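Number of protein chains: 2
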Amino acid sequence: MAQFINAKENLVVDSIDGVLRTGVSQGLARLDGYPHIKVLCRTDHKGSRVAVISGGGSGHEPAHAGYVGKGMLTAGVCGEVFASPSVNAVLAAILAVTGKGGCLLVVTNYTGDRLNFGLAAEKARALGKKVEMVVVGDDIAIPGIAQPRGISGTLFVQKIAGYLSERGASLAEVSKAAQQVAKSAVSLGISLSSCTLPGIGREDRVPEGKAELGLGIHGEPGVELIDFTGAKQAAAILCAKLFAHVAKAHSYAVIINNLGSTTPLEMGLITNEILSSSLAKKIKLVVGPAVMMTSLDMHGISVSLLPLTPRFEKALAADAAPLAWPGAFPHGKPKTIRLPAELKSKSAKPSANPELSGIIERACDVLLANETLLNALDAKVGDGDTGSTIAGAARNLKAGLGKMPLANAGDFFASLSENLTKTMGGSSGVLLAILFAAASVATTKNSAWAASLQVGLCRMMEYGGASAGDRTMIDALEPALAALVSGKSLAEAAIAARKGADATAKMTKAKAGRSAYVSSANLTGINDPGAEAVACLLEGLVNWK
Amino acid sequence: MAQFINAKENLVVDSIDGVLRTGVSQGLARLDGYPHIKVLCRTDHKGSRVAVISGGGSGHEPAHAGYVGKGMLTAGVCGEVFASPSVNAVLAAILAVTGKGGCLLVVTNYTGDRLNFGLAAEKARALGKKVEMVVVGDDIAIPGIAQPRGISGTLFVQKIAGYLSERGASLAEVSKAAQQVAKSAVSLGISLSSCTLPGIGREDRVPEGKAELGLGIHGEPGVELIDFTGAKQAAAILCAKLFAHVAKAHSYAVIINNLGSTTPLEMGLITNEILSSSLAKKIKLVVGPAVMMTSLDMHGISVSLLPLTPRFEKALAADAAPLAWPGAFPHGKPKTIRLPAELKSKSAKPSANPELSGIIERACDVLLANETLLNALDAKVGDGDTGSTIAGAARNLKAGLGKMPLANAGDFFASLSENLTKTMGGSSGVLLAILFAAASVATTKNSAWAASLQVGLCRMMEYGGASAGDRTMIDALEPALAALVSGKSLAEAAIAARKGADATAKMTKAKAGRSAYVSSANLTGINDPGAEAVACLLEGLVNWK
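Chain order of the listed sequences is A and B.
In terms of this note's numbering, the first sequence has 264 at position 256, counting the first letter as 1, and numbering is strictly consecutive.
In terms of this note's numbering, the second sequence has 150 at position 142, counting the first letter as 1, and numbering is strictly consecutive.
So here's chain A without its partners, still in its complex pose (with noise of 0.2 Å):
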């Protein structure tokens, strides 16, 4: 399972120095004890506020480390990939950043962590410290289990933890508020795939049509393994269990968190589904959807709750600088805004112009006797459909003429263009309903209506990307285009047409159109089928004058 890393060894602090190289580390400073001592502090933290320190193992970014900054954390302290920082490590922390107003120890419910960072907080205090723990414990997935992991609820603690202290209160007001959210956060994860391992790989674990429900932050297997329907259901479950076990509340805040490697695309869904579900009317704010505290790539999520005091609320709302702090806000129904009025194109009314109706009605004749031409050539260049498409919406135009606005040009050129969205497929149906959608506008401002296809052919070539000398239609329709618009007749516009669509025989690299993909011997001697319909379509009109 190849990763973007290089040694295994060095992938951890190296990581972090990426980040920290970044503006987003305005404000940090990482502790100078690589590689054991993995550490960011805040630089500017005052000493008379309460330290807020968190930590454990690397692989789960952004958390902790990524919350470092103004109104959440002080210091992050970092393992190695799902490895508990020493005892060092976390007594490091502590001193850098521990002032009088003391520190709390966020922590999240592992043996290593608890003790290594319960080791440290003695030390510390031995050294005269002040320091408090808290161990977070959000995780329901084991009924009744003695000690419960710590997941994403351990984001509450550290985000209402982080901004008591930066309004100034003691560590004895921060402690007894961080454990009362510690106690009263609910977590719960679905995942759909293991996490891979740097260096080792993953583990294909869950089957084909199955969830892994109540898993860890470590790879360790989910508590069961479900029949999995979608995003609907595991909404569902979560959101079932969650507000089964967490504690009755007037209104609770929700994080909804991506594990890893759950598209954004679905964690829109799984938000969308929790957040229309009955049971949203108790969520008051919700945090995400992001990647908050993920296992490497796992592709899962879990969703945490916690019942809102008035105090809880407005510590959660608060702002914070840790970019990776997605907010904390209200929620609501889409807001919607109508469709403008403008959308239903009022299309002119049906007026007669016995002479452009005959023209057309040729025209359509024309281009309906080539279709078995342009098709073979096509044939030989292309996919071999260029009569019968361009055919398909000869016959359209020919029976809806008596329809359309024939006595304006610039009416007719806009209802030749909707008319041609509809009836002809392809990449040419829309490159010519853009022709003659932007001769109508230029018909309006200029009378001529051969300049006016000429400004509509521009656009095309604009947003077609193709231009003459491209072997596509528009080596024919440039020059029959220019010579009329400089007052030259039709024959002398079909003659530039045709001598436009042979030169294309000669055109061996196809730049447009479906031919781009055909070698340079196949095309050599053959004319585009797009350019030679042009020719063909003049020389029929002039044939017929």
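Worth flagging that the hints you see were computed from the coordinates, not collected in a lab.
Since we're looking at a predicted model, the values are computed, not measured.
Keep in mind that a hint or two might mislead.
Identical copies look the same in the list; a pair holds intra-copy or inter-copy alike.
[Unchecked claim] Restricting the straight-line Cα-Cα distance to at most 20 Å, the calculated cross-link-like pairs of lysine to aspartate or glutamate (EDC-like) are:
| no. | residue 1 | residue 2 |
| --- | --- | --- |
| 1 | 322 | 373 |
| 2 | 292 | 327 |
| 3 | 240 | 216 |
| 4 | 290 | 350 |
Given chain A, put chain B in place with the hints provided.
This is chain B only, laid out in the frame that chain A set:
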């Protein structure tokens, strides 16, 4: 391939609604045209300003809808996954947000997007709107290609156009700047996997040890399959190719984009490689590392470069409301802070205390004598090493006694705590280290050593998470210390410890330690080895006296 989706048909609209339900969408609404028209708009856009509209297929989240907000996009038009939005959807977006200021369409260079946005632009012009369009083709993967793809460099265009619009620039000015940015931005991607198409799955395309260089963001294969050796190589290749291709400039901005499921750890590492390379001197602004323009869950990255002018620099660095925009910041070497001096623990000087020295030696002898017995006991309920673990520590302690500060109980406990962290493995070593560290601090406040040890025991229970009745050493330690603190003799304490240790044989469920994994039937009748060790120790000391 299971995913957190329901019906594929509703995936995109439900996902957009999920995000719209959250507070991230403050100031945003969607057009009421689901499912065909999927458009997110700012509700606070002033029509006199240029509307900046972008969009494309979904599956690239947070692009493009995630960038709708003050200072960036005015509207985002979403298609289905990897499919261009319809002409009607684009037109609806234009009509909904375009006022007197006109609008600029920022379009990624794919035929579908170009044509659909192009036709919509023509229709909007026909309805009297001022519309300009910029096509972004920043991908340098295929040299000399006529139509390079638009990838993450598109974000430079969106940000700079959005900034200029917000500053009141005219459509001509915004359009001109956007064209300049689009022309000069270059990007390149590298990936270790394809992406998982909703409801379809993931093609296992990239062989072990290989990477795709120059991939698109729609799952299309890379231009080259290269040997892959790690993050350093990936960063070096991307930087070398990008800098070879980009126009010469005094300084550049870089985007470091996660294509989907690359972990934050890997992204940090890649960032470290890019920003510590020799080319980094030319980089003035860094955007990311962040998930900015994805290809669903592709395990890859793309890097984009933009030659900076003072105006572009200002525009990129300015704040923007969309949370998906991670900011553009200068970079620099990671700041470091010296390790706290107190971290190097000053051990108290060795001092003599013949009485204590004798007790400790005797205690060590007792524990050594019980090594086999304790191992045998542990073999029945754990992993059979309790005796050896304790004996190892006892041997070290005895050998090092001459170097310990024995004259003062507080110093001795601190020194013993240090010793145990080094010489006694497993959780029990840290647990006892906590006990003695806390006892050391307590001793400085309270001369009675037994009471100090009792304080230490409390800390050990707090961090370790076990208490009396959980079938651990606490079951013997607690009653023994309680006896000593209440003034009873060592002999009486030994009797209490023995009683406590023997009681563990009836505890059929261990709540902590390795026995927690052993069935009740196997625990019945066997003393906990830790508690037994405590009882043996005290009995041994009493018998010696």
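Cross-check of the supplied hints:
no.	hint	verdict
1	322 x 373	neither (74 Å within a copy, 60 Å between copies)
2	292 x 327	within (17 Å within a copy, 28 Å between copies)
3	240 x 216	within (18 Å within a copy, 35 Å between copies)
4	290 x 350	neither (41 Å within a copy, 49 Å between copies)
Hints 1 and 4 from the list above are not met by this structure, while the remaining hints are.
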